[in-house]
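> Here's the letter readout for the chains.
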Amino acid sequence: MRVITLTTDFGAADWFVGSMKGVILALNPRVQIVDITHGVPAGDLRAAAFALTASCRFFPKYSIHVAVVDPGVGGHRAALAIQTEDYFFVGPDNGVLSVALAREKIRAVFQITNEQLFLKPLSQTFHGRDMFAPVAAHLSKGLPIQNLGPSKKDFVKLDWPQPHRSANSVTGEIVYIDGFGNAITNISHEPLARPAESSGALFAKRRRLCSIKPSYQAVPRQKAVAVPGSSGFLEIAVNGGSAAAKLGLKIGDAVTFRPKAP
Amino acid sequence: MRVITLTTDFGAADWFVGSMKGVILALNPRVQIVDITHGVPAGDLRAAAFALTASCRFFPKYSIHVAVVDPGVGGHRAALAIQTEDYFFVGPDNGVLSVALAREKIRAVFQITNEQLFLKPLSQTFHGRDMFAPVAAHLSKGLPIQNLGPSKKDFVKLDWPQPHRSANSVTGEIVYIDGFGNAITNISHEPLARPAESSGALFAKRRRLCSIKPSYQAVPRQKAVAVPGSSGFLEIAVNGGSAAAKLGLKIGDAVTFRPKAP
Amino acid sequence: MRVITLTTDFGAADWFVGSMKGVILALNPRVQIVDITHGVPAGDLRAAAFALTASCRFFPKYSIHVAVVDPGVGGHRAALAIQTEDYFFVGPDNGVLSVALAREKIRAVFQITNEQLFLKPLSQTFHGRDMFAPVAAHLSKGLPIQNLGPSKKDFVKLDWPQPHRSANSVTGEIVYIDGFGNAITNISHEPLARPAESSGALFAKRRRLCSIKPSYQAVPRQKAVAVPGSSGFLEIAVNGGSAAAKLGLKIGDAVTFRPKAP
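Chains as they are written, first to last, in this note's numbering: chain P, 494 to 755; chain X, 494 to 755; chain B, 494 to 755.
Hints are supplied without guarantee of correctness; some may be wrong.
Given that identical chains are not distinguished, each listed pair holds provided it fits within a single copy or across any two copies.
[Claimed, not checked] In the SDA-like style, the derived pairs of lysine to any residue whose C-alpha atoms are separated by at most 25 angstroms in a straight line are:
hint: 1; residue 1: K706; residue 2: P564
hint: 2; residue 1: K598; residue 2: P614
hint: 3; residue 1: K646; residue 2: P627
hint: 4; residue 1: K743; residue 2: G733
hint: 5; residue 1: K613; residue 2: V649
hint: 6; residue 1: K554; residue 2: M494
hint: 7; residue 1: K646; residue 2: S708
hint: 8; residue 1: K634; residue 2: A660
hint: 9; residue 1: K554; residue 2: G565
hint: 10; residue 1: K706; residue 2: P643
hint: 11; residue 1: K634; residue 2: P522
hint: 12; residue 1: K743; residue 2: A694
hint: 13; residue 1: K739; residue 2: G536
hint: 14; residue 1: K743; residue 2: A711
hint: 15; residue 1: K716; residue 2: Q617
hint: 16; residue 1: K634; residue 2: P553
hint: 17; residue 1: K739; residue 2: P614
hint: 18; residue 1: K598; residue 2: L612
FYI, nobody ran anything at the bench for these hints, they're computed from the structure.
Okay, chain P solo, but in the shape it has when bound:
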């Protein structure tokens, strides 16, 4: 059974996600539909992009990742279907797919224009249900991606902050705060794998936040620690608590990593 994942800002209160699943199952009843999250704040492209980036590679090959955070629905933004070496990505051309795509080997980019695949009438407010859901279902049944519309040269890239590396430090920022209050930075922890670097500390506004340790448990309860997070980035946590609340951290805050003096 093929997998279709859904990442949206539709929330849990309404029927929007259910309707998308109905449309998919009406076209392909033998598919596994997985919610990545529908709790993205309304219109928050960066949160959705990060959720997709952090999870998409854990799905089986040829999964179809649909992301619908679509404040421009009904306007002039294009609709995208992109094939990478391992997956398909479907969603509005507003950058929501771009952060995940930056790590994939892109094979083909198409604009979705084939109206025969859409629900009729096509609403101007819910392309998740009327366009992206049926397109994903058709892809899951093996429809060649070139049948969706014309190929496309490029797509919108979200302005994603990059960390800056100097001789003695790496400066990045907090890009996501998860439900536990962990503050996830954009500093990849792979380059920190050298022993010296793996024993440094994180600073915010010249204030020392915490040391880097292998796990939450390396510090006493309610103490702050930076760990190599499960998404591949340094993450500021409080053992048994919320780092965001306890340390007053928020998205966009600059953080600097300094390795321990040897």
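Dock chains X and B against chain P, hints included.
Chains X and B in isolation, oriented as in the chain P frame:
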């Protein structure tokens, strides 16, 4: 694989929805169970009825729609199973199914009384798990609906507000506010398809709220607009914001549509 | 199709649950994954244990129940896989499984140590994705449980409150408050099945709370009542309202049941 949908007020915090799914899968492991929503406010029959109405027709033929908003569980309300031309509907006889059923071609109405199908002991507080889940599972396996109990002449209809049409206006009310803060009215937008009518405005308490436009994007960000919503009704929105918060709208507020003077 | 259930404190906002499902489906695409709940308060072992206990027996035989409330992840706690007569249970050895297991016939207890089954690199912050999800998927495909690691003599038991029975009363406490505000006690209602006992009353701090009745509907709206709850325990409710809010009840409050004088 047959589809069973679930619409409840059980929320996400507890195990109630999971238990229903366990019961269904124990009887039919090869079924697709889809959550329409479990975020209906506790006991809110109208919200559940609207969620079901807005989504049920997007599911494959012969899907089994189960709605359990059941403040009268354990009392004297009957339990219903209704076959329409395209679907099955299962739930308490308290009106929660009635708004969706008003748009379907009803083929047969049965009262669920066949205790052989229920979990034992049948709790008096959770018929979703003990009665409606196993009944839906049996229907998904092909049990004839007449095996559920005696046929029934009628069922409880929810008191659903109808819009009033005069020579120069249509007056309805707000029946649902979605997670984005869009205020959905009970004014169907199909009769507005004539050009004159599609360029009118919406008023509340004689205050002009907004014009009707084809999409959110037809107005600048943070401006109000009425659009033909994806559920088939006129919907008051704020581009990139919450109409409910920004315009102070709530369920039950009267709204009047006036077409533009030609 | 085998069933894997998930009970976590991961919430709905992030991608954590979705990632676990991706890992499972990459190993076994033909499995039914059911969410019991992901709304457990962060780190609340007792809430998770109760949710699992109240729901696990409604799933088909040989379902694999995975519970990941894991504040000690990355530390010294062991990882458990336990086979009972009817099910498999997988999760951290911190007590989260123990309340459900107290009602099961345990066949075998194993410590999960077989690194060949884990994602690589194994994160020290998300064993739900990197260890428990792949282990559950392998079990669902028939991997013998002894392949997970060495057998284990014992496992951590959560300190679960037991009711005390005297000649004229049973004293227990509130162990869970559900989304409707129903206050679930640890007093099993099976021993109350005798008519005399089924017509008693519940007291808290010597204040009479309510009578015991068969259902919410046995009292007028907004009145308190104790009912035999669907989880097997006496439950304090307010018909059409929240008992927790209306009666000021919270987890840990002592409650005493006194049967009616004959």
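> Now look at each hint and say whether the structure bears it out.
We went through each hint and held it up to the structure:
Taking identical chains as interchangeable, the C-alpha atoms of K706 and P564 lie at most 25 angstroms apart only when they sit on different chains, with a minimum of 16 angstroms there against 40 angstroms within one chain. When the C-alpha separation of K598 and P614 is checked against a cutoff of 25 angstroms, the pair qualifies only between copies, where the shortest distance is 22 angstroms, while the shortest distance within a copy is 35 angstroms. Within a single copy, K646 and P627 get their C-alpha atoms as close as 24 angstroms, which meets the 25 angstroms cut-off; across copies the closest is 39 angstroms, which misses it. In this assembly of identical chains, the alpha carbons of K743 and G733 lie at most 25 angstroms apart whether taken from the same copy (19 angstroms) or from different copies (22 angstroms).
For the homomeric pair K613 and V649, neither the shortest alpha-carbon distance inside one copy (27 angstroms) nor that between copies (33 angstroms) is at most 25 angstroms. For a Cα distance limit of 25 angstroms, the shortest separation of K554 from M494 qualifies both inside one copy, at 11 angstroms, and across copies, at 21 angstroms. Proximity of K646 to S708 under the C-alpha cut-off of 25 angstroms is found in neither arrangement, the shortest distances being 43 angstroms within a copy and 27 angstroms between copies. For the identical chains of this complex, K634 and A660 are neighbours neither inside a copy (52 angstroms) nor across copies (50 angstroms), given an alpha-carbon limit of 25 angstroms.
With identical chains, the CA atoms of K554 and G565 are never at most 25 angstroms apart, being 30 angstroms at best within one copy and 32 angstroms at best between copies. Taking the shortest alpha-carbon separations for K706 and P643, neither the intra-copy value of 49 angstroms nor the inter-copy value of 29 angstroms comes in at or below 25 angstroms. In the homo-oligomer, the alpha carbons of K634 and P522 lie at most 25 angstroms apart both inside one protomer (10 angstroms) and across protomers (15 angstroms), since each shortest distance falls under that limit. In the homo-oligomer, the alpha carbons of K743 and A694 lie at most 25 angstroms apart inside one protomer (19 angstroms), although the nearest pairing across protomers, at 41 angstroms, exceeds that limit.
In this assembly of identical chains, K739 and G536 lie within 25 angstroms of each other by CA distance solely across copies; the values are 17 angstroms between and 27 angstroms within a copy. Taking the shortest Cα distances, K743 and A711 sit within 25 angstroms of each other inside one copy (24 angstroms), while across copies they are farther apart (33 angstroms). With identical chains, the CA atoms of K716 and Q617 are at most 25 angstroms apart between copies only, with a shortest distance of 17 angstroms across copies and 49 angstroms within one. Taking the shortest alpha-carbon separations for K634 and P553, both the intra-copy value of 16 angstroms and the inter-copy value of 16 angstroms come in at or below 25 angstroms.
Taking the shortest Cα distances, K739 and P614 never come within 25 angstroms of each other, neither inside one copy (50 angstroms) nor across copies (30 angstroms). With identical chains, the CA atoms of K598 and L612 are at most 25 angstroms apart between copies only, with a shortest distance of 22 angstroms across copies and 31 angstroms within one.
Going down the numbered hints, you'll see the structure goes against 5, 7, 8, 9, 10 and 17, while the others check out.
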